[in-house]
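K.L.:
This is what each chain is made of:
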Amino acid sequence: MEIYVQLALSGLFVGGIYALISVGLTLVFGVLRVVNFAHGEYLTLAMFLTFFMYHLLGLDPFVASLVVVPILFVLGLVTERLLVRRTLEAPHVVQVFVTFALSLFLQNLFLVLFTSDFRAVRAEYATAAFEIGPFYISWLRMVAFAASIALTVALAVFLKYSYMGAAIRATAQDRRSARLVGINVDRIYALTFAIGCALVGAAGVLLAPLYPVNPYTGADLILVAFVAVVLGGMGSIAGATLAGLLIGVIESFSSYFLGGEMKQFVYFIVFIAILAFRPVGFFGRKGAEVMDVT
Amino acid sequence: MATLTSSGLSKSFGGLRAVQNVSFTARPGRILSIIGPNGAGKTTVFNLLTGFIPSDAGTVQLDDRSLAGMSPEDRCRAGLARTFQVVQPFRGLTVLENVVMGAMLRTASIAEAREAAAAVLDDLGMSRLAGMRAGSLPIGDRKRLEMAKVLATRPKVLLLDEVMGGLIPIEVQRMIAFIQGLRDRGLAVVVIEHHMNAVMRLSDEILVLQNGEPIAQGSPEEIARDPKVLSAYLGPNFKADGGL
Amino acid sequence: MSERSTSNPAGAAPARMPHHAWSIAAFALLVSLPLLVSDPFVLNMVMMSLLSAAAALAWNLSGGYAGQLSLGHAAFYGIGAYTSTLLFLKAGISPLLGMLVGAAISAAAAIVLGMITLRLKGAFFVMSTLAFGAVIHISAINFRELTGGSSGLAIPLQPSVLNLTFANKAVYVYLALGLMAAYYAATLLIAGSKLGYSLVAFRENQDAARALGIRTLPIRIGIFALSAAMTSLCGTLHAQYFLYIDPDSVMSLSLSLNFALMAIVGGLGTAYGPIIGAAVVTCVSLAMQIYLGNQISGLTQLAYSAIVISVLLAMPGGLGPGLRDALSRRFGWRP
Numbered sequence: 001m002e003i004y005v006q007l008a009l010s011g012l013f014v015g016g017i018y019a020l021i022s023v024g025l026t027l028v029f030g031v032l033r034v035v036n037f038a039h040g041e042y043l044t045l046a047m048f049l050t051f052f053m054y055h056l057l058g059l060d061p062f063v064a065s066l067v068v069v070p071i072l073f074v075l076g077l078v079t080e081r082l083l084v085r086r087t088l089e090a091p092h093v094v095q096v097f098v099t100f101a102l103s104l105f106l107q108n109l110f111l112v113l114f115t116s117d118f119r120a121v122r123a124e125y126a127t128a129a130f131e132i133g134p135f136y137i138s139w140l141r142m143v144a145f146a147a148s149i150a151l152t153v154a155l156a157v158f159l160k161y162s163y164m165g166a167a168i169r170a171t172a173q174d175r176r177s178a179r180l181v182g183i184n185v186d187r188i189y190a191l192t193f194a195i196g197c198a199l200v201g202a203a204g205v206l207l208a209p210l211y212p213v214n215p216y217t218g219a220d221l222i223l224v225a226f227v228a229v230v231l232g233g234m235g236s237i238a239g240a241t242l243a244g245l246l247i248g249v250i251e252s253f254s255s256y257f258l259g260g261e262m263k264q265f266v267y268f269i270v271f272i273a274i275l276a277f278r279p280v281g282f283f284g285r286k287g288a289e290v291m292d293v294t
Numbered sequence: 001m002a003t004l005t006s007s008g009l010s011k012s013f014g015g016l017r018a019v020q021n022v023s024f025t026a027r028p029g030r031i032l033s034i035i036g037p038n039g040a041g042k043t044t045v046f047n048l049l050t051g052f053i054p055s056d057a058g059t060v061q062l063d064d065r066s067l068a069g070m071s072p073e074d075r076c077r078a079g080l081a082r083t084f085q086v087v088q089p090f091r092g093l094t095v096l097e098n099v100v101m102g103a104m105l106r107t108a109s110i111a112e113a114r115e116a117a118a119a120v121l122d123d124l125g126m127s128r129l130a131g132m133r134a135g136s137l138p139i140g141d142r143k144r145l146e147m148a149k150v151l152a153t154r155p156k157v158l159l160l161d162e163v164m165g166g167l168i169p170i171e172v173q174r175m176i177a178f179i180q181g182l183r184d185r186g187l188a189v190v191v192i193e194h195h196m197n198a199v200m201r202l203s204d205e206i207l208v209l210q211n212g213e214p215i216a217q218g219s220p221e222e223i224a225r226d227p228k229v230l231s232a233y234l235g236p237n238f239k240a241d242g243g244l
Numbered sequence: 001m002s003e004r005s006t007s008n009p010a011g012a013a014p015a016r017m018p019h020h021a022w023s024i025a026a027f028a029l030l031v032s033l034p035l036l037v038s039d040p041f042v043l044n045m046v047m048m049s050l051l052s053a054a055a056a057l058a059w060n061l062s063g064g065y066a067g068q069l070s071l072g073h074a075a076f077y078g079i080g081a082y083t084s085t086l087l088f089l090k091a092g093i094s095p096l097l098g099m100l101v102g103a104a105i106s107a108a109a110a111i112v113l114g115m116i117t118l119r120l121k122g123a124f125f126v127m128s129t130l131a132f133g134a135v136i137h138i139s140a141i142n143f144r145e146l147t148g149g150s151s152g153l154a155i156p157l158q159p160s161v162l163n164l165t166f167a168n169k170a171v172y173v174y175l176a177l178g179l180m181a182a183y184y185a186a187t188l189l190i191a192g193s194k195l196g197y198s199l200v201a202f203r204e205n206q207d208a209a210r211a212l213g214i215r216t217l218p219i220r221i222g223i224f225a226l227s228a229a230m231t232s233l234c235g236t237l238h239a240q241y242f243l244y245i246d247p248d249s250v251m252s253l254s255l256s257l258n259f260a261l262m263a264i265v266g267g268l269g270t271a272y273g274p275i276i277g278a279a280v281v282t283c284v285s286l287a288m289q290i291y292l293g294n295q296i297s298g299l300t301q302l303a304y305s306a307i308v309i310s311v312l313l314a315m316p317g318g319l320g321p322g323l324r325d326a327l328s329r330r331f332g333w334r335p
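From first to last, the protein sequence lines stand for chains A, B and C. Numbering follows the working numbering, with no gaps: position 233 of the first sequence is 233. Numbering follows the working numbering, with no gaps: position 219 of the second sequence is 219. Numbering follows the working numbering, with no gaps: position 151 of the third sequence is 151.
Please note that a few of the clues may not be correct.
To list a few chain C residues with every Cβ distance to chain A over 12 Å, as calculated [unchecked claim]:
| hint | residue |
| --- | --- |
| 1 | Met-48 |
| 2 | Ile-116 |
| 3 | Gly-148 |
| 4 | Leu-299 |
| 5 | Thr-300 |
| 6 | Leu-323 |
Straight line, CA to CA, 35 Å or less: simulated DSBU-like cross-link-like pairs of lysine-lysine [as the list claims (entries may be wrong)]:
| hint | chain 1 | residue 1 | chain 2 | residue 2 |
| --- | --- | --- | --- | --- |
| 7 | C | Lys-90 | C | Lys-194 |
| 8 | B | Lys-156 | C | Lys-90 |
| 9 | B | Lys-228 | B | Lys-156 |
| 10 | C | Lys-169 | B | Lys-156 |
Treat the hints as calculated values from the structure; they're not laboratory data. Cβ atoms here follow ideal geometry from the backbone N, Cα and C, with glycine treated the same way.
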C-alpha cells in the first residue's frame, strides 16, 4: 500500500511541472489556434539559462528565475512578431511546419552552442528531503510542485479578474467579435504567446535542479505536454493542469511496474486512445478537433 | 426528374428550436421559395435536407426513396444538390477545376469531366473565367461559380441558398432568367432568397418561415396578401393593405 | 518563323520545352551520375537523396494531395526495414518477398490508424501520427528479443539478386532511382485521375467536396495506406543498402519530419516538389560539409531549418511552384 502512495506522490510532484508546461501550450492554442511545436525548445532554453546563471554567476535557480522568466517573455514577444503572426492566416501546413522547423532550428542552435553534453545544476539542497510517516519527500520537488500550482492558479486568476485577462478570453472565444468591441487582437496574440513562453520558462527554472539538460531535453518533455493538453481538452487550462498531474502519476506508476523505457509507450497509447474515443478531452470545446466527416 | 418531399422536419440546438415541423413538396419543373426574416431557420432547413446536420425528427424523400441516414455526399449522388449561402469555392484551384470537381460525379474520366465542366461554364456565360483562380473572383462571379459546380453534378433537385445576394441588378436579372431556364428543363428548384422582387417573379410557390415554423404557404399572390406574413416581416402593428 | 515568337503575349519566351522533355533530361542525368561519380562520399549522398526523394514522394501523395500531414511515416519506413530484415534473418525469406510483406503490414497499420485518426482536424491529426510514430519507435527499442533493441540488426553481406544485396553500391543507386521514377510516375497518374482530384477537393474545402458528392473518407484512408506501403518499400531498400538498421536510423521522428519537409520545401501537392526538396537538402548538406567539414554537428540542420522557415514564409507553396511563378512573372517563362 505504502508504495502506491509514494508513487502517487512522486508522480503528482512531477505532474505539477508537466501541468505548468502544458498550461502555456494550451493557452497559446486556445487563443491563437496555433499548436506551438517549438514550446519544448523554450523549456530547454530556460533550463540552459538557469544552468549558466548558476554555473557562471553562482545564481540560485530561484533567484535566476527573476531573470530567466522575463527573458523568455521577451523571446515570446519576438517569436510571435517575427514568425507566428505571419502564419496565422497562412495555410495549415505553414502553421504546423513553421513552429516545427523553429523547434529544429533551436535544437540545433543549442547543439552548436552547447554540444549535446548533459548539464546539471547541482544545488546543495537538491537531495534534501523530509519524511512524513513512511513517506519520503524531496523538498525541491515539493517546492517545484507548489510553485507550479501557484503559477497556474495565478494565471487563472489573471485571466478571470483582470481586464487583460478578459480581453484574452474574449479573443479566445471569437477573434472577430473581440476586434469589434475594440480589443487589439494582435496585441493579445503577442501577449498570450509571451505568457505561454514565460510559463514554460518558469517550468524550465523549476526543472533545472531536478533534471540535467541537453538540447533534446525539451523535445522529450514536450511530448508529455502534448498528451496532457489533448487529454485536458485543447485550450482548457483547468484540463491541462488536471491532465498534467494525471500523466505524472501514470508515468510514475508505469515506470515502476513496466520499467522506465515503457513509460512513454504507455502515455502515447493513452494519447491515441483519447484521440480515438474522446478527442475533446476533459474540458475541451467541441468543434476544434473532429471533422464532421462520416 | 424527381420530387423532393420533406415532412415534419425538426431540429433544436440546445434549447433553441431552429426548425419545427417543416413540410413541403418540391416538384419537377417548379420553383419553391423559402422566405422568412433572418434567423427563421431557412439555411438550417437546407442543412437538414442535405444531411449536413442530422435532423431530430421528420423525413426527407427523393421520389419514393427515403434519404434518412444518408451522408451529404450520397444525397448529392442521389440527385439532391445544394449551394452554400457563404460560397464554398476551392479557392486555390481554377474556375474550370472547381466545376470539374462537380462534373466528376457523372463520369469516370477526367477528360470527359473537363468537357462537361466547360459546357456548364458556357451555359452560365463564365467561359472566359475558366482559367482564373477561384479565390481571386469577385463576389458576383463566386455566386455563379457556386451554381456552376453544383449544376455540373447534374442534380434532379436543386437547393439554391441566396445565390443572388451581392449581385448587381443586371446580374440578378440574368440569374432569374437562368433559374427559370433550369425549371423549364424539368429540375425541381428550391430557393432561399432575400431579394423579394426576385422571389415574387421566380416562384411558383412560397413557404414562409418564422422562428423555425412555417406560418404560410401558397402562391406568390396569396403570400403577398397574407396578414401573418406581413406582420412577420413588418411587425405586428403594420396594417395589411395589400402588396409587399 | 521568327515572327512566331512575337505573337507570344509575353514576348521573350521561345518555343516551350514540353514538360516531359524536362523530366526525361533530368532522369538521363541521374542515370549517368553513378557512372560519372566514383567518389563514395558523393555516391552515398546521391543514394540518400534519391531514397529520400522516393520517400518524400510517397509522403506527398497523402500529405500533399490529401492534406494529411503525417509525422509518423518513419514508422512505415521502419516497418518496411524491420519486416524484410527479420524475415530474412529469422526465416531466410528473400527481401524481395519481405519488402512486399512489409508493405502489406504498413498498409494495414495505416488503415487502422487512418480509421481512428483521419477524422481529426489539422494539428490533432499531426499529433496523433506523431504519437503513432513514437509508439512504433519505442516498441522497436524495447522488444529486444525480436528487434535487437537499440543495438539494431545487421544483415550479412551475401551478394545476390535474391538477397537484394550487392557488392557494388552503384546498384543500389539505380534501385533507388527506379523507385523514385516509379513513384513520380504513380504521382502523375494519381494526380490526373478522379482519385487525385477528389483528394484535392477534400483538401481545399471539405464541405464543398461533400456537397458535390465526393466520398472522401474511403479514398483518404486508401491514399494513406498506399503512401504507407510505398514508404515501407523505401525502408527495405534502406536496410539492404546499409546492411544495418536500428530504431533511431529508420524510425525516428526526425526521419518523418524529413520526408514531410522535403515535400513541403519543394512544393506540396506537386509531383516534382519532393524531388526538388530532396535535391535542395542534398545540396545544402553537401555545401555545409564542404565548407565546414564535420567539426560542428548541428550546423547543417541549423541551416536547413532556417531555409525551411524562410521558404514557408516567403513561398508557402514551396520552392518549385514559387520559383515557377516568379519566373513566369518576370520572363513569361514557364518551365
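K.L.:
Tell me the numbers of any earlier hints that the structure contravenes, in ascending order.
P.N.:
2, 4, 5, 7, 8, 10
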